[in-house]
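Visitor: Sequence:
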Amino acid sequence: MIGNAPLSRLLRSLPLLAALLIAASSLRVVVAADPVKTNPAKVYMHYMPWFETPATLGGSAWGWHWKMSNKNPNVVDSQGRRQIAAHYYPKIGPYASRDADVIEYHLLLMKMSGVDGVMVNWYGVQGSNGDINDLLNSSNAIIAQTNDFGLDYNVVLEDRFSTNISQAKANVAYLRDNYFNDPNYIRINADNDPLLNVFGPIAFQQPAQWTEILGQAGEPVDFQTLWYERNDAGVNADGEYAWIYQDASRTYDQHVEDFYKFRATASGSFGGVAFPGFNDYYVQGGVGDIIPFDIPHNNGQVLDRTLSLANQYASKLDFVQLATWNDFGEGTMFEPTVETGYDYLLKLQDFTGVEYGEAELELVFQLYRARKAYAGDAAKQTLLDNAAALLNDLQISDARSIIDNLLPPGDFDGNGTVDGADFLVWQRENGSTGYYPLKQNAADGNADGVVDDADLDLWRQYLGFVSTSIGAAAAAAVPEPAALPLILAAAAFCGLRRRR
10 MIGNAPLSRL LRSLPLLAAL LIAASSLRVV VAADPVKTNP AKVYMHYMPW
60 FETPATLGGS AWGWHWKMSN KNPNVVDSQG RRQIAAHYYP KIGPYASRDA
110 DVIEYHLLLM KMSGVDGVMV NWYGVQGSNG DINDLLNSSN AIIAQTNDFG
160 LDYNVVLEDR FSTNISQAKA NVAYLRDNYF NDPNYIRINA DNDPLLNVFG
210 PIAFQQPAQW TEILGQAGEP VDFQTLWYER NDAGVNADGE YAWIYQDASR
260 TYDQHVEDFY KFRATASGSF GGVAFPGFND YYVQGGVGDI IPFDIPHNNG
310 QVLDRTLSLA NQYASKLDFV QLATWNDFGE GTMFEPTVET GYDYLLKLQD
360 FTGVEYGEAE LELVFQLYRA RKAYAGDAAK QTLLDNAAAL LNDLQISDAR
410 SIIDNLLPPG DFDGNGTVDG ADFLVWQREN GSTGYYPLKQ NAADGNADGV
460 VDDADLDLWR QYLGFVSTSI GAAAAAAVPE PAALPLILAA AAFCGLRRRR
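So that you can map any letter, position 194 of the sequence shown is 203 in the numbering used here, and since no number is skipped, the others follow by simple counting.
What the hints contain is simulated information worked out from the structure, not anything from laboratory work.
Glycine residues also receive a C-beta, built at the ideal position from the N, C-alpha and C atoms.
There may be inaccurate statements among the hints.
Restricting the straight-line Cα-Cα distance to at most 30 Å, the calculated cross-link-like pairs of lysine-lysine (DSS-like) are [stated by the list, open to error]:
#, residue 1, residue 2
1, Lys51, Lys325
2, Lys80, Lys51
3, Lys46, Lys448
4, Lys389, Lys270
5, Lys51, Lys448
6, Lys389, Lys325
7, Lys51, Lys389
8, Lys389, Lys356
9, Lys381, Lys325
10, Lys46, Lys389
11, Lys381, Lys448
12, Lys80, Lys270
13, Lys80, Lys389
14, Lys80, Lys325
Restraint ranges, calculated between C-beta atoms of paired labels, are given here [stated by the list, open to error]:
#, residue 1, residue 2, range
15, Asn156, Arg259, 36 to 42 Å
16, Ser258, Gly139, 35 to 41 Å
17, Asp43, Val244, 24 to 30 Å
18, Ile174, Ala368, 36 to 42 Å
19, Pro216, Ser175, 37 to 43 Å
20, Pro216, Gly67, 16 to 22 Å
21, Asp386, Asn201, 44 to 50 Å
22, Ser78, Val45, 33 to 39 Å
23, Asp256, Ala109, 39 to 45 Å
24, Pro216, Val84, 28 to 34 Å
25, Thr391, Asp256, 52 to 58 Å
26, Ser175, Asp386, 18 to 24 Å
27, Asn142, Thr220, 42 to 48 Å
28, Tyr237, Asn142, 48 to 54 Å
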């Protein structure tokens with residue numbers, strides 16, 4: 010096979026050329042397809058819209074949630090990691106919540122994991138927090154994309170920042186006028202009422218106050234408080250939802266199971282919870298010891314346990330809330346990180362019963378990387394628009410053809426051809442570390458922070474691949490004379506590694 014490299018390359022390029030011709034001739038918005046799930050439980054992801062970067066704030070400023078009181082993300086270590094206020098580092102690096110590429114990446118990952126919708130941590134339009142406008146803009150940027158990706162959404166209202174009832178009423182009125190009429194706003198139970206959660210309540214703890222506030226909704230809502238807080242809203246509360254907690258008397262899973270056993274009764278609506286752990290950064294970030302517990306992730310065992318409980322008590326729950334997608338400051342994130350990879354989404358895929366796995370999650374990451382690599386290239390962005398639409402329609406192979414052509418796996422020297430020269434790049438960098446996007450090594454094909462055998466496997470898988478989009482390589486069907494000996498030597502090297 011190696012001796013006929015030009016022919017091999019031509020044959021391997023034919024499906025790719027066909028896919029690109031389809032992409033170029035049929036650029037379109039593909040209607041979102043729904044993944045088939047074997048688990049009927051509704052699964053919603055709690056989402057934080059609060060991240061800011063210099064791209065959104067200007068200058069060198071970063072939002073509080075990346076820096077807390079004493080960290081500076083402008084400081085970058087030798088491995089390319091910014092100094093952020095978290096024990097975990099996002100796989101794509103720290104980001105802005107309003108970044109359209111980030112939103113696409115997040116929502117596609119959720120979709121491939123069987124998530125049904127997003128529960129946006131929502132601060133309203135009036136309140137005491139100084140970044141309320143940024144929070145609203147980010148929330149709306151995320152919400153605006155949910156329906157396009159076939160996801161539902163609702164909000165988890167933060168009432169603590171409303172300084173008076175007038176502000177709280179204005180916030181609910183905004184929900185009435187802007188969210189409740191969306192076709193993909195989450196509605197539950199026989200009455201099909203819009204689901205409105207409150208993180209508390211904290212500021213308003215009298216039923217009469219909630220009667221007045223919810224009077225602005227324009228219709229009955231299914232109003233859920235945090236667990237054990239529904240009395241604060243009286244008859245206005247339809248139910249409660251579980252959250253993350255642990256104390257000296259009971260472990261996290263005992264708290265969750267007790268809620269399912271004794272609180273989630275036949276009368277009312279109830280939300281379950283699943284989470285990977287709780288490992289906050291408040292002490293290290295200079296905020297103080299404000300959370301009295303810590304729940305180590307234990308290599309995914311906490312997530313396994315909470316998902317198992319959600320399955321065990323599924324008949325008592327209206328939905329399962331995944332807490333959270335991206336609260337890095339409290340270390341509860343499902344979002345892929347340098348430390349956890351895709352592990353939590355893989356467990357979620359097993360729970361929801363979708364047919365997808367790590368390869369599809371990795372492809373979404375590759376789409377994101379291609380978006381950033383070609384940020385100034387309108388023609389390539391158009392191709393990536395089509396790739397995203399194909400992923401959204403679950404046409405995985407067609408999407409992969411486009412993305413691979415623009416960001417060829419195994420093309421470590423970036424010339425558009427996967428050949429022996431790329432093997433030499435891998436050989437020189439094997440064992441090197443450095444993190445995407447600031448210090449990624451050329452031979453780190455999967456951008457996981459280390460050049461290793463997984464990257465060699467990518468090279469081996471794509472050996473002979475020729476991109477039709479990258480530079481002069483698109484026209485180079487025949488390698489340089491020195492390339493063939495390199496390929497033969499690399500093949501021999503790979504054979505030796507297989508036998509070890």
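Visitor: When you check the alpha-carbon spacing of Lys381 and Lys325, does it fall within 30 Å?
Guide: Given pair Lys381, Lys325 is violated - Cα atoms ~44 Å apart, limit 30 Å.
Visitor: Is 37 to 43 Å right for how far apart the beta carbons of Pro216 and Ser175 are?
Guide: violated, 18 Å
Visitor: Using the Cβ atoms, figure out if Ser78 sits within 33 to 39 Å of Val45.
Guide: Cβ of Ser78 to Cβ of Val45: about 46 Å, so the range 33 to 39 Å is violated.
Visitor: At the C-beta level, are Asn142 and Thr220 separated by a distance inside 42 to 48 Å?
Guide: With a Cβ separation near 29 Å, Asn142 and Thr220 fall outside 42 to 48 Å, so the hint is violated.
Visitor: Given the hinted pair Lys51 and Lys389, is their alpha-carbon gap at most 30 Å?
Guide: violated, 36 Å
Visitor: Do the alpha carbons of Lys80 and Lys270 lie within 30 Å of each other, as the hint requires?
Guide: violated, 42 Å
Visitor: Taking the beta carbons of Ile174 and Ala368, is their distance inside 36 to 42 Å?
Guide: Violated, at about 52 Å.
Visitor: Would the hint linking Lys389 and Lys325 be met if the CA-CA limit is 30 Å?
Guide: violated, 48 Å
Visitor: Quick check: does the Cβ-Cβ distance between Asn156 and Arg259 fall within 36 to 42 Å?
Guide: holds, 40 Å
Visitor: Taken at face value, is the distance from the CA of Lys51 to the CA of Lys80 at most 30 Å?
Guide: Measuring from Cα to Cα gives roughly 38 Å; hence the hint is violated.
Visitor: Under the criterion that the straight-line Cα-Cα distance not exceed 30 Å, is the pair Lys80, Lys325 satisfied?
Guide: Given pair Lys80, Lys325 is violated - Cα atoms ~43 Å apart, limit 30 Å.
Visitor: Against the range 48 to 54 Å, how does the distance between the Cβ atoms of Tyr237 and Asn142 compare: consistent or not?
Guide: Once the Cβ atoms are compared, 33 Å apart, the range 48 to 54 Å for Asn142 and Tyr237 is violated.
In this structure, the earlier hints numbered 2, 3, 4, 5, 6, 7, 8, 9, 10, 12, 13, 14, 17, 18, 19, 20, 22, 24, 26, 27 and 28 are contradicted, and the remaining ones agree with it.
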